[in-house]
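A.B. asks: These protein sequence lines are chains A and B, in that order. For the first sequence, position 4 (counting from the first letter as 1) is numbered 16 according to our numbering, and the numbering increases by one without interruption. For the second sequence, position 54 (counting from the first letter as 1) is numbered 58 according to our numbering, and the numbering increases by one without interruption.
By construction, these hints were calculated from the structure, which means they are not laboratory data. A portion of the hints provided could be inaccurate.
On the chain A side, residues computed to face chain B include the following (Cβ under 7 Å) [unchecked claim]: (1) LEU57; (2) GLU114; (3) GLY118.
According to the in silico footprint, chain A covers these stretches of chain B (three or more CB under 8 Å from chain A) [to be verified]: (4) 29-40; (5) 43-57.
Mimicking DSS-like on lysine-lysine, the simulated pairs with C-alpha atoms at most 27 Å apart in a straight line are [claimed, not checked]: (6) LYS72/B to LYS61/B; (7) LYS82/A to LYS69/A; (8) LYS73/B to LYS63/B; (9) LYS83/B to LYS63/B; (10) LYS21/A to LYS46/B; (11) LYS69/A to LYS21/A; (12) LYS82/A to LYS46/B; (13) LYS95/A to LYS46/B; (14) LYS67/B to LYS83/B; (15) LYS46/B to LYS61/B; (16) LYS69/A to LYS46/B; (17) LYS83/A to LYS46/B; (18) LYS95/A to LYS21/A; (19) LYS69/A to LYS83/A; (20) LYS82/A to LYS21/A; (21) LYS95/A to LYS69/A; (22) LYS61/B to LYS73/B; (23) LYS46/B to LYS26/A.
The beta carbon of each residue, even a glycine, is placed where N, CA and C say it ideally should be.
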Amino acid sequence: DGGITQSPKYLFRKEGQNVTLSCEQNLNHDAMYWYRQDPGQGLRLIYYSQIVNDFQKGDIAEGYSVSREKKESFPLTVTSAQKNPTAFYLCASSTTSGGNTEAFFGQGTRLTVV
Amino acid sequence: EDQVTQSPEALRLQEGESSSLNCSYTVSGLRGLFWYRQDPGKGPEFLFTLYSAGEEKEKERLKATLTKKESFLHITAPKPEDSATYLCAGDNYGQNFVFGPGTRLSVLP
Chain A
13 DGGITQSPKY LFRKEGQNVT LSCEQNLNHD AMYWYRQDPG QGLRLIYYSQ
63 IVNDFQKGDI AEGYSVSREK KESFPLTVTS AQKNPTAFYL CASSTTSGGN
113 TEAFFGQGTR LTVV
Chain B
5 EDQVTQSPEA LRLQEGESSS LNCSYTVSGL RGLFWYRQDP GKGPEFLFTL
55 YSAGEEKEKE RLKATLTKKE SFLHITAPKP EDSATYLCAG DNYGQNFVFG
105 PGTRLSVLP
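Working from the sequences, and respecting the hints, build out all of it.
C.D. replies: Dropping the structure here:
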């Protein structure tokens with residue numbers, strides 16, 4: 013089945029630790045995105061990538077880093093510089109050409125600082 | 005600045021009571037307007053894409069419409085299983101997607 017897989021589903025981080033969230037897609041999409049969702053709020057863009065080996069900061073990139081070494085993969089690292097990392101993280105992908113441009117989402121990773 | 009707003013913030017309906025959700029947008033160079041459904045603890049599920057004013061899309065009890073400045077999601081005779089948060093998003097011509105805060109819909113039996 014084609015889709016987007018995020019792992020792990022739940023992640024616990026100690027203060028001062030870096031953690032990496034995985035996102036893999038087999039939809040052959042060029043573009044991939046990371047969003048953060050806080051309770052009762054909408055989605056805020058962290059980083060996005062339109063092509064392999066290139067990515068751009070979104071609205072709330074501070075304290076996060078990404079890489080895009082393969083088309084299928086777009087991992088997000090939450091660094092110790094992110095002061096309030098507890099949130100629900102969503103990865104998405106979309107095509108950058110053709111008629112259907114909607115984004116498809118993974119099932120999310122819930123990150124909690126302990 | 006690109007922005008998407010949604011109203012109401014929350015909506016409670018009785019089963020069978022039809023209503024509409026509103027999405028207003030100011031997105032430069034809008035390429036597409038999208039509706040998603042999100043259940044608690046899950047990723048958003050794609051519902052519709054609208055590309056031009058006057059366009060309509062339907063799926064079961066849901067119908068989405070688009071004008072030059074807003075979109076509506078009409079829910080006809082809703083059922084409790086339609087309870088979810090409905091998100092609206094604009095695509096600013098491939099740069100990224102701008103999401104609204106969502107409308108939390110509760111359908112009571």
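A.B. asks: So, for every hint listed, does it hold in this structure?
C.D. replies: Consistency of the hints with the structure:
1. Checking LEU57/A against chain B by beta carbon gives a least distance of about 6 Å; that is within 7 Å, so the hint holds.
2. Checking GLU114/A against chain B by beta carbon gives a least distance of about 5 Å; that is within 7 Å, so the hint holds.
3. For the restraint placing GLY118/A at the interface with chain B, the shortest Cβ-Cβ distance is roughly 5 Å, inside the 7 Å limit, so the hint holds.
4. For a cut-off of 8 Å, the count of residues in the segment 29-40 of chain B with a CB near a CB of chain A stands at 4, and the three-residue condition holds.
5. Counting residues of the segment 43-57 of chain B whose C-beta lies closer than 8 Å to any C-beta of chain A gives 7; at least three are required, and the coverage claim holds.
6. Between LYS72/B and LYS61/B the alpha-carbon distance is near 16 Å, which keeps this suggested pair within the 27 Å criterion.
7. With a C-alpha separation of about 18 Å, the suggested pairing of LYS82/A with LYS69/A holds against the 27 Å cut-off.
8. A C-alpha spacing of about 23 Å is found between LYS73/B and LYS63/B, which places the hinted pair at or below 27 Å, so the restraint holds.
9. Restraint check: the Cα-Cα separation between LYS83/B and LYS63/B comes to about 14 Å, which is no more than 27 Å; the hinted pair holds.
10. For the suggested pair LYS21/A and LYS46/B, the alpha carbons sit about 10 Å apart, so the restraint of at most 27 Å is met.
11. The suggested pairing of LYS69/A with LYS21/A holds, with an alpha-carbon distance near 24 Å, which does not exceed 27 Å.
12. Straight-line distance between C-alpha atoms of LYS82/A and LYS46/B comes to about 26 Å, which keeps the hinted pair within the 27 Å bound.
13. For the hint pairing LYS95/A with LYS46/B, the CA-to-CA distance comes to about 24 Å; that is within 27 Å, so the pair holds.
14. Using a Cα cut-off of 27 Å, the hinted pair LYS67/B and LYS83/B holds, with the two alpha carbons roughly 15 Å apart.
15. Of the supplied pair hints, the one linking LYS46/B and LYS61/B holds, its CA atoms being roughly 24 Å apart against a limit of 27 Å.
16. For the suggested pair LYS69/A and LYS46/B, the alpha carbons sit about 24 Å apart, so the restraint of at most 27 Å is met.
17. Proposed proximity of LYS83/A and LYS46/B is supported: the alpha carbons are some 24 Å apart, at most 27 Å.
18. This hinted pair checks out: LYS95/A and LYS21/A have alpha carbons roughly 21 Å apart, not beyond 27 Å.
19. At most 27 Å may separate the alpha-carbon atoms for a hinted pair to count; LYS69/A and LYS83/A meet this at roughly 18 Å.
20. With a C-alpha separation of about 22 Å, the suggested pairing of LYS82/A with LYS21/A holds against the 27 Å cut-off.
21. Restraint check for LYS95/A and LYS69/A: the C-alpha separation of about 18 Å stays at or below 27 Å, so the hint holds.
22. Of the pairs offered as hints, the one joining LYS61/B and LYS73/B holds, with about 17 Å between alpha carbons and a cut-off of 27 Å not exceeded.
23. Taken as a hint, the LYS46/B and LYS26/A pair is honoured in the structure, with Cα atoms around 24 Å apart against an allowance of 27 Å.
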